[in-house]
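Chemist: Spelled out from the first residue to the last, the chains are:
Protein chains: 2
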Amino acid sequence: MHRIFYPQSIVVIGVSEKPDNLARGIIRNLLTFGYRGDLYAVGRQPGEFCGVPILSSLEQVPDGLDLAVILTPAHLVPDLLETCGRKSILRAVVESGGFSEYSDEGRQLEERLMEVARRWGIRVVGPNCISVVNLEAGVCLPFPVISPDSLRLGPASVVAQSGGVSITYLSWLSRAGVGVNKAVSIGNKADLDEADYLGYLLQDPGTEMICLYLESIGDGRRLMDLARSTTRPLIVQKANRGQASQTIALSHTAALANDDHIVSAAFRQAGILRAEGFRDGVAMAQGLALPPVTGDDLVIISRSGGHAVFAADVAERYGFRLAALPDSFRETVRALFRADVIALTNPLDLGVIFDFDLYAQIAEQCLRALAPDAVLLINTYSLTETEGVQKMARRVEQIVRETGRPVAFCAYGEGGDALNLYRDLGMPVFTEIEDALCGLAASRDRQRWLARHGGRGGWESIGSVAEGSRPSSAGVMTAEQALALCRGYGIPVTPWEVAADADEAAEAANRLGYPVALKVLSTQALHKSDVGGVALGLADAADVRRAAQTMLSRFPSGALMVQPMITDGIEVILGGKRDPSFGPVVMFGLGGIHVEVFDDVAFRVAPLTRADAEEMVEEVRGHRLLAGVRGRPPADREALIQALLALSRLLVENPHIAELDINPLFLFERGAAAVDARVVVS
Amino acid sequence: MHRIFYPQSIVVIGVSEKPDNLARGIIRNLLTFGYRGDLYAVGRQPGEFCGVPILSSLEQVPDGLDLAVILTPAHLVPDLLETCGRKSILRAVVESGGFSEYSDEGRQLEERLMEVARRWGIRVVGPNCISVVNLEAGVCLPFPVISPDSLRLGPASVVAQSGGVSITYLSWLSRAGVGVNKAVSIGNKADLDEADYLGYLLQDPGTEMICLYLESIGDGRRLMDLARSTTRPLIVQKANRGQASQTIALSHTAALANDDHIVSAAFRQAGILRAEGFRDGVAMAQGLALPPVTGDDLVIISRSGGHAVFAADVAERYGFRLAALPDSFRETVRALFRADVIALTNPLDLGVIFDFDLYAQIAEQCLRALAPDAVLLINTYSLTETEGVQKMARRVEQIVRETGRPVAFCAYGEGGDALNLYRDLGMPVFTEIEDALCGLAASRDRQRWLARHGGRGGWESIGSVAEGSRPSSAGVMTAEQALALCRGYGIPVTPWEVAADADEAAEAANRLGYPVALKVLSTQALHKSDVGGVALGLADAADVRRAAQTMLSRFPSGALMVQPMITDGIEVILGGKRDPSFGPVVMFGLGGIHVEVFDDVAFRVAPLTRADAEEMVEEVRGHRLLAGVRGRPPADREALIQALLALSRLLVENPHIAELDINPLFLFERGAAAVDARVVVS
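Which chain is which? The protein sequence lines are A and B, in order.
In the numbering used here, each number is its position in the first sequence, counted from 1, plus 3.
In the numbering used here, each number is its position in the second sequence, counted from 1, plus 3.
The set of hints was computed from the structure by calculation and includes no laboratory data.
Quick caveat, the model's predicted, so the values are computed rather than measured.
Among the clues, some could well be false.
Calculated cross-link-like contacts (lysine to aspartate or glutamate; reagent style EDC-like; alpha-carbon spacing at most 20 Å) [said to hold, decoys possible]: (1) A:Lys-21 - B:Glu-388; (2) B:Lys-580 - B:Asp-262; (3) A:Lys-90 - A:Glu-51; (4) A:Lys-394 - A:Asp-360; (5) B:Lys-580 - B:Asp-263; (6) B:Lys-90 - B:Asp-66; (7) A:Lys-21 - B:Asp-358; (8) A:Lys-580 - A:Asp-664; (9) B:Lys-21 - A:Asp-358; (10) A:Lys-580 - A:Asp-543; (11) B:Lys-90 - B:Asp-69; (12) A:Lys-580 - A:Asp-262; (13) B:Lys-394 - A:Asp-358; (14) B:Lys-394 - B:Asp-358; (15) A:Lys-394 - B:Asp-23; (16) B:Lys-21 - A:Glu-62; (17) A:Lys-580 - A:Glu-641; (18) A:Lys-580 - A:Asp-222.
From the derived model, a few chain B residues whose C-beta atoms are all more than 12 Å from chain A [claimed, not checked]: (19) Lys-90; (20) Gly-516; (21) Arg-613; (22) Gly-625.
Residues from chain A that face chain B, not an exhaustive set, calculated with beta carbons under 7 Å [said to hold, decoys possible]: (23) Val-148; (24) Pro-151; (25) Val-312; (26) Ser-385; (27) Thr-389.
For every residue, glycine included, the Cβ atom is placed at its ideal position computed from N, Cα and C.
This is chain A alone, in the form it adopts within the complex (with noise of 0.2 Å):
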């Protein structure tokens, strides 16, 4: 993988004279960008570009090169790869699209590819994708032509399923400050995959964060523990997310879509920022590229009321509190300036003053005297104070670098792009509120992650999809075996008899206590209620007898199942199921309309930590009535997070369960207790 980012030697292939020759970008790019290795030029006819010689064969080439970059018609890929194979050229980018992207053929075609890929152990970046980039070493191997003085070295890796996109997110991350330091385009990811980059940009010095472009994700559980295996941030933006975009993300990047909830849950879980856009993924990598935010505690300093008035509604949408100044700050501040038109507010307004050292020295001041988690500096100015305004944001930049503490500075230039102004600045500009917000937010959240779930002595790895035996017979348990799994693993389970019939339920019902429930048990009875396999509130024997001889009637093959109903308490749904990318995942909701209509749920891979399962609780919207509502006391927090718990582990250990619900769950002022549950086997 090394050698993909740093070759000493490339030959591209598909080059020729003409004009409208695509893989003649990728030689440009190469020699504008400054890289020093061998560099081969391979077409159909023998000519010259940019001094380099077009040779007319592939043969032509030394043997043992690094890296072969391909763009030719699709079909000509295979025989071309057979040749680097037997060149001893083991990685190769291919751009070309016209696969499995394209038509049945044209996966039949990417077997191929990979058929020979594998004879020869040539690894493969794509095909369909354009861009392995890194600014240390000049490689620039798109074939759109980039202009070297658009991208700026920096801290941030992209590796993205979409050529267009990583280009989108070299260049904002440039203009934003952040600067880039490898990126690659994954395109079909027929060989190397997101987890592949990412496994070694996280171990890449020059790479300090991540942000990733997905339209699917394949191995979602080595994902999760890649980035819990790293102190980096990575940011993802992960498309394809509705029905809208299924058709067309799978012919762009032959990508499935995922469960938009799982990922999310997932993302959560791992620490992973989510980012929406682009926009606000290059916002968070802003944040990120600044001291670290360590809590809520903001200070707004702004040259415009209205822009400080605004930045504070964001600010209280994103979590933050604005804490009161100090009267000793007041003192500080009135030192520095004529302060009578002043009120030291937070947000501070200094819409009347008109010296912009004074910005920067009461940024300072904020920063030595309050020590506030972050400042948000919003500076508004027009043409004729550009360079006041460049002056100040210097020194900005050296307070940051001194303090060690985050300053987001947001300009709103009058007119053209304000970034302009700051192209030689080693900070990030943010040129919106909001941007500047959303950054800081990241990085707070990032920093609250890593104290919450990366404090316990080291990280835990989610691990595979265990493999385990498979049971012969697939199909649904019935309520008994269902209830008895979960009890097996800790889960309270409200008490029960098995009765073979009227007279058995009748004894159980009498020993149990009344009144009770009754429901058969049998596999054929998927939905027990809709078929007539449950009776409830049953008050006394005789009622116990009369529903048991109906229920038998209905279902002579099946045994009954006598349970002591139960009258108080809060319903709460748990449930699991396997996702393809994440493997087995916990969900827990409130009972009835909760997760049917309105449906607030919550999800984590498994297996879950505490801080996991506390967090799924958290989530809910309906959470508060947990806390006891009109009148009733609160729920046992600490039984349901068992019960999560102890859900998560009987799933990991029986991979051959596809589905389990546990609905309802009870929960009451001091304990739990399931009264049903449903398992398919698969």
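The hints should help you fit chain B onto chain A, whose structure is shown.
Modeler: Chain B alone, transformed into the frame defined by chain A:
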């Protein structure tokens, strides 16, 4: 008002030769923006600036000038205004700060200023404001120096309760290809307020849409009426929404916070588009500058597959539909180019086409053949392609003009500011997919609102807040009085009888049928159920007698209300209150935890139209429960809507009612019944 935007003579007061003098900026802006009227400068010391002589006294300027622009220390302003009055200068823009936004002293100064203004009949913009701009007349009064190149004439006018924000809007609207017509920053609105400016701009021929930034809304009903009186769209960014911004908004423009729920509801009701920030405000203006979007059918054309996938996700979020392309269109497109590597899906990914002429042709074919409601054209390009891109953009502009259909052109350029390429273009250019879809959605929502609310023979004024006769005794009505009031307005009410003692109660219960509910009628028992004033589910006469005796022993002066128990139906809550800015407001929510725990409520300003009532019902998250879930029959929607309309009439016609709750109102399969009501009279 006209002469404020089109003054033929201006005096700027507060000018000096000193380089740090702020008022000089006003003179300079007027000169560079090509103002052609008479221009005078007044300052303490005589002198000259940019060829304009500085007079040392306001007495020296001619009488009857159209406009005075004042930027001096605050304490000088009242006397200056006095002189203006004497000299028949009857319009003033007061840019100075230090009035009610700053201190109590400032508030007194502002009162003095207004006293002078009223005495002379002077209309005042501000104080504490910076801009009146009219690009049609070369009027540019902000003191920060603005480059005429950075602004562009166009259809959008701006009204902002913050000078800094008005300048951000001016600059962004210009950059985004919309362009600005007029702008005013309203500051403390001591005299003229947002409604005054709106009233003028809605009549102004050059203004086709208006962007407002507000930190407080004074007369909400007038704002709504203005919005409903016009087909010109209003985009309002209402800041000062939460706890954090209140202090700073107060010290910035003396703005008081509004109830944000009600602001949002009123805006929806009046067809006002609410912007969250600058960015979506400008994106909405861009969308509205295109031909109208009249439905949800969208075609996305992209040059990058990744951008297409992301755009499809965002489009779905905004409620757009990506219809499949019919075979006939496939043929048309195939005829234009060798289509063997293009999958003809929607989004259409044209990644392998490098001929920009074709893009425009395909977009045109798409509009003509498919007639979608909108097209999103996403262009990604590299530095070598800028000429082709500009040509394409011009062609797209032409197509939009010819077809009268909206194409959102979204450009992701590599490096630099993409917008520089399109400075001369006569259409908005988006730089992000989210912005483009936000803009198209704003246009669609506006069209939908016009169709839904505007199609019934003109607008009905929502009217000002009625000032009716106040009853002598304020306080809480008894449940009987409250229910009788509701019944009087046609709200269905569960039957009841009033009883003075236990025997009468039992007789009433016999007549009404068991089970019954018993409630104490007392203006002392505000929350009846908390103090033992309610007994439910009484099964027979003995039960009733017992409950009545207990209740009367607690409330010796109270009478008793007997109601039959309602045992089915869906519980909802209707409410009403008086908002200081918006007057009578109707509230709706589902009963129980929906309002209390989930805050799932909808508001509308009374009087409601039928469409308003329908929208309220659809707006609560839980409205699906009304359609019948978990085997329950659907609720009578029409009865609910009639009850909301009746409540609206009740609130409008009884201005002495401060608060009203109908909790619960039961909805049956047919009909409805209010069971309890609470009315607070002010």
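Chemist: Now tell me, hint by hint, if it's right for this structure.
Modeler: Structure-based check of each hint:
Between the alpha carbons of Lys-21 (chain A) and Glu-388 (chain B) the distance comes to roughly 16 Å, so the proposed pair stays at or under 20 Å and holds. Of the supplied pair hints, the one linking Lys-580 (chain B) and Asp-262 (chain B) holds, its CA atoms being roughly 12 Å apart against a limit of 20 Å. Between Lys-90 (chain A) and Glu-51 (chain A), the direct Cα distance comes to roughly 23 Å. Violation of the 20 Å bound is thereby established for this hinted pair. Annotation: proposed proximity of Lys-394 (chain A) to Asp-360 (chain A) holds, straight-line Cα distance about 8 Å (limit 20 Å).
Straight-line distance between C-alpha atoms of Lys-580 (chain B) and Asp-263 (chain B) comes to about 15 Å, which keeps the hinted pair within the 20 Å bound. The suggested pairing of Lys-90 (chain B) with Asp-66 (chain B) holds, with an alpha-carbon distance near 5 Å, which does not exceed 20 Å. The straight-line distance between the Cα atoms of Lys-21 (chain A) and Asp-358 (chain B) is roughly 15 Å, inside the 20 Å bound, and the hint therefore holds. A C-alpha spacing of about 9 Å is found between Lys-580 (chain A) and Asp-664 (chain A), which places the hinted pair at or below 20 Å, so the restraint holds.
In summary, the hint linking Lys-21 (chain B) to Asp-358 (chain A) is supported, as the alpha carbons are separated by about 15 Å, within the 20 Å threshold. Of the supplied pair hints, the one linking Lys-580 (chain A) and Asp-543 (chain A) is violated, its CA atoms being roughly 38 Å apart against a limit of 20 Å. Of the pairs offered as hints, the one joining Lys-90 (chain B) and Asp-69 (chain B) holds, with about 11 Å between alpha carbons and a cut-off of 20 Å not exceeded. At roughly 12 Å between alpha-carbon atoms, Lys-580 (chain A) and Asp-262 (chain A) fall within 20 Å of each other, so this suggested pair holds.
Distance check on the hinted pair: Lys-394 (chain B) and Asp-358 (chain A) sit about 45 Å apart at the alpha-carbon level, beyond 20 Å; violated. At roughly 11 Å between alpha-carbon atoms, Lys-394 (chain B) and Asp-358 (chain B) fall within 20 Å of each other, so this suggested pair holds. A C-alpha spacing of about 18 Å is found between Lys-394 (chain A) and Asp-23 (chain B), which places the hinted pair at or below 20 Å, so the restraint holds. Distance hint between Lys-21 (chain B) and Glu-62 (chain A) is unfulfilled; the C-alpha atoms sit about 77 Å from each other, more than 20 Å.
Using a Cα cut-off of 20 Å, the hinted pair Lys-580 (chain A) and Glu-641 (chain A) is violated, with the two alpha carbons roughly 23 Å apart. Between Lys-580 (chain A) and Asp-222 (chain A) the CA atoms are separated by roughly 16 Å; this keeps the pair inside 20 Å, and the hint holds. Non-interface call for Lys-90 (chain B) relative to chain A: holds, since the shortest CB-CB distance, roughly 29 Å, exceeds 12 Å. No Cβ of chain A approaches the Cβ of Gly-516 (chain B) within 12 Å, the least distance being about 25 Å, so the stated non-interface status holds.
With a closest Cβ-Cβ approach of about 26 Å to chain A, Arg-613 (chain B) is found to remain outside the 12 Å limit, as its non-interface label requires. Its beta-carbon lying about 7 Å from the closest one in chain A, Gly-625 (chain B) breaks the requirement of being farther than 12 Å from that chain. Annotation: Val-148 (chain A) was flagged as interfacial toward chain B, and the flag holds, the nearest CB pair being 4 Å apart, inside 7 Å. The beta carbon of Pro-151 (chain A) comes no nearer than 10 Å to any beta carbon in chain B, farther than 7 Å, and the hint placing it at the interface is violated.
Interface restraint check for Val-312 (chain A): the shortest CB-CB distance to chain B comes to about 5 Å, inside 7 Å, so the restraint holds. Taking 7 Å as the C-beta cut-off, the interface hint given for Ser-385 (chain A) holds, the closest approach to chain B being about 4 Å. Because the smallest distance between the Cβ of Thr-389 (chain A) and any Cβ of chain B comes to about 11 Å, over 7 Å, the interface hint for this residue is violated.
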